[in-house]
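Chain by chain, the residues run as shown.
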Amino acid sequence: MDLTHRFTVPTSVEETWAHFQDIASVAECFPGATVTAVEGDTFQGSCKVKLGPIALVYTGSGTFLEKDEQEHRFVVEAKGKDKRGNGTAGATVTLTMADAAAGGGATDVQVVTDLAITGKPAQFGRGVMQDVSDKLLGQFVSCLETRLAGGAPEPSGESGPTSAPGEQSDAAAPAVDAPPVSVGPAPAAQREAPAAPHTERDDSLDLGATVLPILARTYWKQGVAVLGVLALVIWWLASRD
Amino acid sequence: MIPAQFDYLAPTSVEEALAALAEHGDEAKILAGGQSLLPVLRMRLNAPEFVIDLGRIDALRGVRDDGDAIVIGAMTQHSVVGSDPLVAEHAALISKAVEHLADAQIRHRGTFGGALAHADPAGDLGAPALALGAEFVIAGTGGTRTVPADDFFVDLFETAIGEDEILTEVRIPKHTGWGAHYEKFVRVAHQWPIVAVAATVRVDGGTIAEARIGLTNMGSTPLRARAVEEALAGQPATEDAVRSAAAKAADGANPPSDLNGDADYRRHLATVLTRRAVLAAAGG
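Going down the list, the sequences are from chains A and B. According to this note's numbering, the stretch in the first sequence is residues 1 to 241, in order. According to this note's numbering, the stretch in the second sequence is residues 1 to 284, in order.
Treat each hint with caution, since some may be false.
[Said to hold, decoys possible] Cut-off 20 Å, straight-line C-alpha distance, at most; resulting in silico cross-link-like pairs (DMTMM-like, lysine to aspartate or glutamate): (1) LYS48(A) / GLU27(B); (2) LYS48(A) / GLU49(B); (3) LYS48(A) / ASP155(B); (4) LYS83(A) / GLU49(B).
No lab work stands behind these hints, which were simulated from the structure alone. Being a predicted model, the structure only gives us computed values, none of them experimental.
Could you build all of it, start to finish, from the sequences and the hints given here?
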C-alpha cells in the first residue's frame with residue numbers, strides 16, 4: 001500500500017538534499033531501527049517492532065535505488081526478515097523535495113512509502129495493517145522532519161559537530177510535533193552517530209492494539225487449548241533441574 | 001506451536017517480582033492470567049527470556065472494603081470479581097461487564113488487573129473502570145503511586161504502568177445504589193465487542209441525577225461519553241430523553257475501521273448501545 005506524507009522545512013532544497021546523502025540518517029529514522037553497517041549506498045540493520053506483548057525484530061538491508069540530484073528525489077528500498085522466521089517486511093520510500101509553495105527559501109518534502117508486511121504479523125486484515133503502517137510512518141516522517149528542521153544550515157560536511165542547531169530547531173518547532181534535536185550533531189557528525197532524535201525515545205515501533213485484538217480474537221480458542229499444553233511445558237521447565 | 005524457551009520465575013511477593021523485573025528488564029514479561037500473553041508466546045510473536053508469574057503472590061488477590069472505595073487485587077480472577085457481593089453492591093457496573101467478558105473458562109483464569117494492564121481497546125473492563133473513576137495502584141522499586149483512570153489508558157495496549165512497575169490493585173469509588181448496565185455488541189458470542197457501552201446512573205425520583213458512560217472499542221483507549229453524561233443530568237429517565245442524549249455518544253470519538261465494521265458503523269452503534277445501556281441502567 002502507498003502512503004503519502006508531506007511536510008515543510010525551513011531550509012533550502014540544496015541544504016535539505018545534502019542532509020540526506022547519508023543513507024544511515026534516513027534508515028535510522030525508522031522506529032526502533034539500528035543500522036549496523038553502511039557500505040556505499042547500502043546499509044544493514046535491524047528494526048524492532050513492539051506491539052503490546054508482541055516484539056518482533058526484523059533484520060535486513062536497505063539501499064538507495066535511485067538518487068536524482070536534478071529532481072531532488074531519492075528512493076530507498078528496505079527489506080527485512082523476522083528473526084524467528086515469522087514473516088517479512090519491506091518498504092520502498094520515495095522522498096521528493098521542492099521549493100516551498102509559500103516561498104521564503106523553505107522546502108516542501110513529500111514522502112511516499114510503499115509498505116508490505118507478510119507472514120503472521122500481517123494476518124489481521126487491512127484495517128489493522130493500515131493502523132500499523134500509519135503509526136510506523138507517522139514516526140518515520142516526524143523523525144525526518146525533526147532532523148531536517150534541526151539540521152545546521154550549512155551544507156553537510158562543512159559544519160563541525162560543535163555547531164549547535166538549537167535555534168533552528170526552536171524556530172521550526174511550531175511545525176514539528178516530534179521532539180526537537182537536542183543533542184544537535186551537525187550532519188557531518190551524524191554520519192558517525194546518526195541517532196540524535198532516535199536516542200530520545202525508546203522507540204521500537206509500538207503497534208499497540210491494532211493487531212492484538214484481532215490476533216486474540218482469531219486465536220483465543222487455540223489460546224485456551226494451549227493452556228493445558230503450556231502448563232505441562234512450564235511444569236517440565238520448572239522441574240528440569 | 002510451542003513457545004520459545006524461557007525461564008519461569010514465580011515470586012511470592014511484590015518486592016521479589018519487582019526485583020526480578022528490575023534485573024531482567026526488557027527480557028522479561030509479566031504473566032498474570034495468561035489469557036492474552038500465552039497465545040502471543042505460542043505464536044512466537046514474542047520470545048521473552050523470562051516469564052515472571054504473579055500467580056503465587058497472595059497479596060494481589062481478593063476484594064476488600066476500604067471506606068469510600070472497594071479495592072480489587074490485580075490478580076483476582078474475573079470469576080471472583082463477578083460473583084463478589086461487595087462489587088455487586090458498590091460497583092455494579094463492574095459485575096455487569098464481567099458477566100459479558102469472554103467465556104467461563106477465561107473468566108476463571110484471566111485476572112482483573114491483567115486485563116486492565118493489557119489495555120486491549122476492545123477489552124470489557126476499561127470502559128467500566130473509566131466510567132467509575134477507578135484509581136490504579138502501581139508498585140515500582142521506588143514505592144507505589146496511584147494513577148487515576150483518566151491518565152491510566154495511554155494508547156493501544158499502552159498504560160501508565162512503567163516497564164519496571166507492576167499494577168497491584170484497583171480502587172473503585174463506591175457507587176452504591178447506582179443502576180448499571182453493560183451493553184455489548186458482538187458478532188460471535190464470547191468475543192471482543194465491536195462496540196460496547198458501560199453505563200451507570202443515579203436515578204432520583206424518576207430523574208437521572210448523574211450518569212457515567214464509558215465506551216469500549218471506540219478508539220485506541222476506552223473513552224468517556226462526557227457529552228451524553230452532561231446531556232443526561234437532570235433529565236427524566238424516559239426513552240425520548242435518553243435517546244436524545246445518547247445521540248451524542250460518538251462525539252469526539254475516532255473509532256477504528258476493520259473487518260467487523262467501519263468507523264461510521266461504530267459511531268452509529270455507539271448511539272444505539274448507549275440508549276439501551278442507559279435505559280437498562282436507569283430501569284434496573
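Which of the listed hints are broken here? none
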